[in-house]
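Participant: Each chain, letter by letter, is given below.
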Amino acid sequence: MGMDIGKFLKSPEHEIKITTYRDIFQIEALERDRFGEDYRKLSACIVIGKNDMQKMGIKDRDRVLISNKYGSVVVDVKESKKEEPGGVAFMVNSPWSNALVSDVTGGKGIPEFKEIIAKISLTKEEITSIESLRV
Amino acid sequence: MITCTGCALLCEDIEVIIENNSVKETRNACRRGAARIKGCVNRMVPSIDQKPVDIDISLKKAIQILKNAKAPMLFGFGNSTNEAQKKAIQLAKKINAALDDTSSFCQGHLIEKVLHNKFRTCSLDEIRNKADVLVYWGSDAQDSQPRHLSRFSYFPRGELRQRGYEEDRLAIAIDVRESNTAKICKGHFYRIPLKGDREFILALMDALSGKVPTYDPKKMLELAAILKKAEFGVIFAGIGLTYSIKDDIDILVALSDKLPNFHIMPMVGHYNMRGFNENLFNETGFVNRVKFSEGKTIHDDKYSIVEALKENTVDALLVVGSDPVSSLPRSIISHLASIPVICIDPCVTMTSKIAIVNIPCAVSGIESSGTAIRMDGKVVELKKAMASNYPDDENVLKRLLEVI
Ligand code: SF4
Chain A
1 MGMDIGKFLK SPEHEIKITT YRDIFQIEAL ERDRFGEDYR KLSACIVIGK
51 NDMQKMGIKD RDRVLISNKY GSVVVDVKES KKEEPGGVAF MVNSPWSNAL
101 VSDVTGGKGI PEFKEIIAKI SLTKEEITSI ESLRV
Chain B
1 MITCTGCALL CEDIEVIIEN NSVKETRNAC RRGAARIKGC VNRMVPSIDQ
51 KPVDIDISLK KAIQILKNAK APMLFGFGNS TNEAQKKAIQ LAKKINAALD
101 DTSSFCQGHL IEKVLHNKFR TCSLDEIRNK ADVLVYWGSD AQDSQPRHLS
151 RFSYFPRGEL RQRGYEEDRL AIAIDVRESN TAKICKGHFY RIPLKGDREF
201 ILALMDALSG KVPTYDPKKM LELAAILKKA EFGVIFAGIG LTYSIKDDID
251 ILVALSDKLP NFHIMPMVGH YNMRGFNENL FNETGFVNRV KFSEGKTIHD
301 DKYSIVEALK ENTVDALLVV GSDPVSSLPR SIISHLASIP VICIDPCVTM
351 TSKIAIVNIP CAVSGIESSG TAIRMDGKVV ELKKAMASNY PDDENVLKRL
401 LEVI
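Protein sequence lines, in the order shown, are assigned to chains A and B. Just so you know, the working numbering puts 23 at position 23 of the first sequence, and the rest follows in order with no gaps. Just so you know, the working numbering puts 54 at position 54 of the second sequence, and the rest follows in order with no gaps.
Rather than coming from a laboratory, the hints here were simulated on the basis of the structure. Only a predicted model underlies this, so the values are computations on that prediction, with no experimental measurement involved. Please note: incorrect hints may appear among the correct ones.
Said to hold, decoys possible - To spell it out: a stretch of chain A is covered by chain B in this simulated footprint if at least three of its residues, at any positions, have a beta carbon under 8 angstroms from a beta carbon of chain B; those stretches are:
no. : stretch
1   : 16-29
2   : 32-41
3   : 107-115
Unchecked claim - Residues of chain A placed beyond 10 angstroms of chain B at every Cβ, according to the derived structure:
no. : residue
4   : LYS50
5   : ASN51
6   : GLU79
7   : SER102
8   : LYS119
9   : GLU126
10  : ILE127
Cβ coordinates follow ideal geometry from the N, Cα and C atoms, glycine included.
Generate coordinates for the entire structure from the input sequences, incorporating the hints supplied.
Facilitator: Okay, here's the thing in structure tokens:
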């Protein structure tokens, strides 16, 4: 049997800037069942513009690992349906995005929820479960 | 008719059809509201160490934890009635606790400005009747307060705006992202770079003063001309704007001084977050982040939930109607694993899953009544539509207060 060399090769990492937003369908799923499949599907994803995806060699529905020194999550990629100027990707506000938010607050009590700097790379790992995002 | 507690618009025109003590159907509610009214699938049960117990036993354990704590903190309350919030303030005073709410890392700074009359604001009813220029700034109302545009701001006919959005109203969006609200503001969407709000405000102030702005002069002058012509303008300040200018909120006050026909409305998410701010303000002169100490109130950023957890300065946490494990950065909440957490909520949450004590309560506005404060400051009545096996959070807090 041949050795799967691919699994030893790390996918290239790209710098990514992420901001968070709200989505009514995800909020609806949260109200109903925050531990349910719908909430997970609508939260554990990142929306990226077409041009940025091409630059990074990422396709719609690819699975990616997003990580920085504060944490890491595995989520699915969704191609943005809009014309994006690029440079910023979007995650709906959720425990998945919160896993990547910095603890630097300057003593002012408000974290940088809207500006996450991280690395993104393709992965075959399972989507991060909500259970594993607990303390 | 009941009042929806899905967001701080507190829509009072909701019809519910109830069968066998559960909501079968809702009318008039948006998607978010309907889901809130129909309720969660995971109702909480009373527990200690995640093992089910009688509710009285869980209350006794909560009392013991709060009595033994040297630096307790009470947190949450955005989903509690005014009556429950007032009980929480009394309880915090009684046990010399720190007290904070979700506005601490949300719209607290802006609501504080409103309560101190730092800028003009107005009611949602005035907006419906008079507003002609609407600026959604860092705010995606279509997703967060879904009936805002249809009930109050853009679409309805009003006393002075008989032709509604077709002719009488203009909606503008200023945002990092082309949100669903921005899509409605066709031709008037100003996309700004991440954290570019401050620079945008400065350029807009230049344009309003007749100077040529350094930043995108053509668009800035065009926007300034629209704003100057407004008879009754409103800036809906969303969380995107508040976060972006959090270190210099006064810049928004400076902008509002340049726009005499404009009003500023903080866009609030949780149904009674403004209520908490007003109730605490009336009692102490502060909207959040306080600690009570032998009858005195100390206000300091270190009593914000974020700093308190980061710096490990609390030794017990009572959470009411909130899920900090879900809504705060994971890099900040690790301290929660090392202190006793008491959770009062109708539903199982990420926080209740790590809590030592869970005390279930009725869902306010459906299973219990009370009052709440709408995002514009109007007091709204919440009506009870069906029975619950559990007391409401006001009663749970009342029992804690009586015994401690
Ligand atoms: S807009 Fe807000 S208050 Fe009104 S129905 Fe929707 S969620 Fe409920």
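Participant: Let me make sure I understand: some of the numbered hints might not hold for this structure. Which ones are they, in numerical order?
Facilitator: The structure breaks only hint 7.
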